[in-house]
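Start from the sequences, fold in the hints, and give me the full structure.
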Amino acid sequence: MNTTNMNRAEQTHRTRRSTTKEDDQKPSAQHLFNEIRRAIVGATTHQFLIYEDVEPKIGSLIVDSLGEDQVVEDAAPRIGYDSHTLTLTIHIMPNFIHDIFQPWIIDEVKNHMVTSGFITAAEASLLMVFSGTKYRSFVGPYAGSSKQPGLAIVPLNPQLLGIGMPSLAIESGWSESLPRLHRDMRQWLIGGGGAVQTVLLFKWYRLSGGRVRGLAELYDLDSAGNERLLQEEVVFPVPTPGTTAAAQGITIERGQLFGNSLPMGRNPHDTYRFSLDAFRRLAVRGIAEDGYVPA
23 MNTTNMNRAE
33 QTHRTRRSTT
43 KEDDQKPSAQ
53 HLFNEIRRAI
63 VGATTHQFLI
73 YEDVEPKIGS
83 LIVDSLGEDQ
93 VVEDAAPRIG
103 YDSHTLTLTI
113 HIMPNFIHDI
123 FQPWIIDEVK
133 NHMVTSGFIT
143 AAEASLLMVF
153 SGTKYRSFVG
163 PYAGSSKQPG
173 LAIVPLNPQL
183 LGIGMPSLAI
193 ESGWSESLPR
203 LHRDMRQWLI
213 GGGGAVQTVL
223 LFKWYRLSGG
233 RVRGLAELYD
243 LDSAGNERLL
253 QEEVVFPVPT
263 PGTTAAAQGI
273 TIERGQLFGN
283 SLPMGRNPHD
293 TYRFSLDAFR
303 RLAVRGIAED
313 GYVPA
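Start counting at 1 in the sequence shown, then tack on 22, and there's your number in my numbering.
These are computed hints drawn from the structure, not numbers from a lab. Just so it is clear, the structure is predicted and the values come from calculations on it, not from any experiment. Where hints are given, some of them may not hold.
As a list, the in silico DSS-like pairs of lysine-lysine whose alpha-carbon atoms are at most 25 Å apart [what the hints assert, rightly or not]:
1. Lys79 with Lys132
2. Lys225 with Lys156
3. Lys132 with Lys156
4. Lys48 with Lys79
Cβ pair distances, simulated, as ranges [unchecked claim]:
5. Val63 with Leu200: 26 to 36 Å
6. Thr66 with Asn179: 39 to 49 Å
7. Pro78 with Ala300: 35 to 45 Å
8. Gln92 with Ser50: 17 to 27 Å
9. Pro163 with Asp86: 17 to 27 Å
10. Ser87 with Thr273: 39 to 49 Å
11. Leu183 with Ala146: 48 to 58 Å
12. Pro180 with Val93: 30 to 40 Å
All C-beta atoms in this analysis are idealised placements derived from N, C-alpha and C, irrespective of residue type, glycine included.
Here it is as structure tokens:
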């Protein structure tokens, strides 16, 4: 295994890219499980492990085996397998910058959406918010995949049992992991089988002097099934004079939020704006906790 270890960055492990002639040289499922388990149990700081060219039967076995290991469960890593790109990922000890959007989203959905009149309290109770929950109901080229999102909003259908796939998935990462973030986005949108309406990505960039720049990007699929950037907003640096930071937001339609569970009589095209200024106030704290300053 070739390991790249960046200072306060995302540590990645990549297996060699294998051809047919090298199949007998690929690590066994037991070898990968042992290596990953050691990394999880011995971790003292944030790490992101990536294993490429992992066949579906091996990827699924490792995901299941790690999920059944009590010590691994206690460490609460986020484990995912992408059957389309044959990529196994393990996110160990996410830091505050990765997860600071979580309380912001919860506050927006459970409080501000209600007080603004966009949804009723009863409708808010149908919007579940999950973090790190394992999803397996991927379809098409992503059948056999599993994913634990940074955060997911799942609209419950009162007429059906079960939970279902999210309507909105949110992922976050450093600029070093941008290819991984975009793979995640495609896995949700294409593999979500139409249930996942939008994906929100937070991208963080390290600058000189310990400064951090941040971007928020919202994606969906166009009518041809291709990924489409709906919106891009700068989180840090704060917008320059002449731009009202308080007016910044991520705009989502009611139909994108509720998907096939749209409450009766509601207009699917009504919009709600997630306040980026409110997020920015939280993000400053998360950035400081991780030893950085906003750009």
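Here's how the hints hold up against the structure:
| no. | hint | verdict |
| --- | --- | --- |
| 1 | Lys79 with Lys132 | violated (40 Å) |
| 2 | Lys225 with Lys156 | holds (22 Å) |
| 3 | Lys132 with Lys156 | holds (22 Å) |
| 4 | Lys48 with Lys79 | holds (13 Å) |
| 5 | Val63 with Leu200: 26 to 36 Å | holds (29 Å) |
| 6 | Thr66 with Asn179: 39 to 49 Å | holds (43 Å) |
| 7 | Pro78 with Ala300: 35 to 45 Å | holds (41 Å) |
| 8 | Gln92 with Ser50: 17 to 27 Å | holds (23 Å) |
| 9 | Pro163 with Asp86: 17 to 27 Å | holds (21 Å) |
| 10 | Ser87 with Thr273: 39 to 49 Å | holds (42 Å) |
| 11 | Leu183 with Ala146: 48 to 58 Å | violated (21 Å) |
| 12 | Pro180 with Val93: 30 to 40 Å | holds (39 Å) |
Taken one by one, the earlier hints fail for this structure at numbers 1, 11, listed in ascending order.
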